[in-house]
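Colleague: Residue numbers (the numbering used here), protein chains in the order written: chain P, 2 to 414; chain E, 2 to 414.
Since the hints were derived computationally from the structure, they do not count as laboratory data.
Predicted, not measured: the structure shown is a model, and the values here were computed from it.
No incorrect hints appear here.
Identical chains blur together in the list; that is why a pair holds if it fits in one copy or across any two.
Pairs of lysine-lysine residues, derived as BS3-like cross-links and limited to a Cα-Cα distance of at most 30 Å, are as follows:
#: 1; residue 1: K47; residue 2: K176
#: 2; residue 1: K319; residue 2: K271
#: 3; residue 1: K141; residue 2: K47
#: 4; residue 1: K122; residue 2: K47
#: 5; residue 1: K324; residue 2: K271
#: 6; residue 1: K365; residue 2: K271
#: 7; residue 1: K144; residue 2: K122
#: 8; residue 1: K47; residue 2: K3
Number of protein chains: 2
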Amino acid sequence: MKAEIISTGTELLLGKTLNTSAFYLTGQLSGMGIEVSYHHTVGDNKERLLLAVNQALDRSQLVILTGGLGPTVDDLTKEVIALVLGLTMDFDRQSMANIEKFYAHESDLPPGSENQAFFPKGAKILPNDVGTAPGALMEKDGKYCIILPGPPSEMEPMFERYVIPELNTIMNKVKERMYVRVLKVFGLGESELEQELPDLMQRATPFLTLLDKHTYMDVRITMRSSDQDLAWQKINETESLIRQRLGSKVFGVDEETHSQVVGNLLRSYKLTLATAESCTGGLLGEKITAEAGSSDYYLGGVISYANSAKEKLLSVSKSSLLKEGAVSAEVAGQMAEGVRRTLAADLALATTGIAGPGGGSAQKPVGLVYIGLAHPQGIKVEKFQFAGHRDSIRNMTVETALNMLREFLLIYN
Amino acid sequence: MKAEIISTGTELLLGKTLNTSAFYLTGQLSGMGIEVSYHHTVGDNKERLLLAVNQALDRSQLVILTGGLGPTVDDLTKEVIALVLGLTMDFDRQSMANIEKFYAHESDLPPGSENQAFFPKGAKILPNDVGTAPGALMEKDGKYCIILPGPPSEMEPMFERYVIPELNTIMNKVKERMYVRVLKVFGLGESELEQELPDLMQRATPFLTLLDKHTYMDVRITMRSSDQDLAWQKINETESLIRQRLGSKVFGVDEETHSQVVGNLLRSYKLTLATAESCTGGLLGEKITAEAGSSDYYLGGVISYANSAKEKLLSVSKSSLLKEGAVSAEVAGQMAEGVRRTLAADLALATTGIAGPGGGSAQKPVGLVYIGLAHPQGIKVEKFQFAGHRDSIRNMTVETALNMLREFLLIYN
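All chains should be built: construct the whole structure from the sequences, respecting the hints.
Modeller: So this is what it looks like as structure tokens:
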């Protein structure tokens, strides 16, 4: 089944709002085996929207529109869909009741609120659990049209709760699907991967695609098939071949993040972790604690941005700071061991480096980073030279620190 | 002048690559006063690409395409443009020489490399300083077509170095442009802003648009004019009116971030800052240190995720933790004062709360957050109840903490 996504809203055409909805929907649809063949982004303009919807319905079986469901006159989506499908508009009492409930604590309904309860006749209403604009699903001559609210905070829960079950029902009538597994690889670039997997890159089925995710690479194994068991068997075989060649460089699968994988290892070994951050300024702690449940293994850390913080909170020696400088293997090791001791953690990671754009020198250029790992048997420090802007250097430092810890944990047991 | 952007590449339709190029180009073009009226995303498919280019050139004066300039057969962009504009292909010696130079250290050129030196006849070549695929600019009957490479790392420098000067020359022939200023507002939602600015929201010129940025609102003041001085004068007047009504709720202008604004205030008052983070786990430090030069005022902080870290690194009293709990006004104040004293900072911010999804109770639900601000004259703690997922709660906590500090600094002097 082919699908197109139409994002409406003039704000998307002003360059201040990144179109994450099309990205989100494409990911969701691809995951279900629905092929997205086109994205459109249209302003709040009736003619252009009409053209886009007509075109999309012409060549694809499923069209998903986001945005334009608000109460005001520039919200055109439902009107346009009714026009294209040749339907009149119908008032939905249940939606109106929900809207009234939403505004129960206010004395008046905002003007135009009742517009949000009108839908093309015969539409299946998709409730909005977090806002006022419901979505809807329309079918005509075997083609499906789904309209969803613009704000991702309303659109995403609606999609997951109400649209996925509808699509599953529709998809049960379609036989051939796409099956995908993603292997996440750290420490190898695109051309290095091509050299490691030349034969697999040539194969037609399952086929491999490489995607550069800045701090790591995605290796996607994709197969189109009408036989689910066969597809997963072939994908599993291909995954095994890739893992044989890349070993521990494969750090995760599908949606797994590096910090999730490391967190699960720490949890299963019942080990605790602390952090000491200079150049990453809290980013390492932030990535670790972005995972719900990270308090099982993460005790906390120190952001030792100024040298005084390194001395006071981490007991880094003044003489090392003076002789070796804050960006040195010596200081990285002391930071890791300092925070490990203070917080009585099993393991600790420390980062110190020059994130730029200022602060570099001939001896210590921008991008020079030391990462320390303190563990019960000692301290390990590695030196890195990263390229790019402040952001990339900080991100690469965090991912590399997580990778050092992961590689350590893999041989720990 | 109206423009459309066509992004090509099947990877954009697999849901694993966010289309940041269209976002980047839209921002650049809007900034130059060029109105972007449509985005297309097309896979590597000749028919669909042909249709998209024809349609775009039909209704817009400028069409920018990214991607599809590689050496392989699925790279169709130049072929399609030549077809649409009725041009033959021409070999460009200079581009070929650059490609050969790029591969000088390898024994052979990759297959298909010479394809990258062919262009529609009459095209102006845009050199690629970091890769092998040059871009090009074509003009026909007053319409402009620009092709750029897909990878942002090649596209963006090419755009800034070679495309902007060309567009400036083209724009000098066009009189009317869009002028935009963005005011960033914290603490008011969309409907509250509509109530504060009803008269200004009605005005046709300059016109206001409101954009919900999750943690804050953008109020965009836009004016289309052929007189630059008049446009900025009208926009300045409107900005003054808005500032009179919203006061310190306006925290920044255009590209300014909250942490940048706070950082500049700290720098100008020569004050230092420390942080103590529980529920935000490093995100506050990360946002502060994302600004280059933040070491001028930020000393560092503590991520006190476990209670033991609150006691050991921040001297939070065990009895407060037992009696009030880690998420309490008492502990937030002690955390702020603790890190302020330890790092000898002028000011300190502390966060403690329940980010969820687990860990909530009837007394202390998910989203309950205390933010502490310690300063030379005392300690201020505020209580908040945020809605949404773990990510939103953490982000709202950080922005609210920065806002508390900003409001404090505004009346400090």
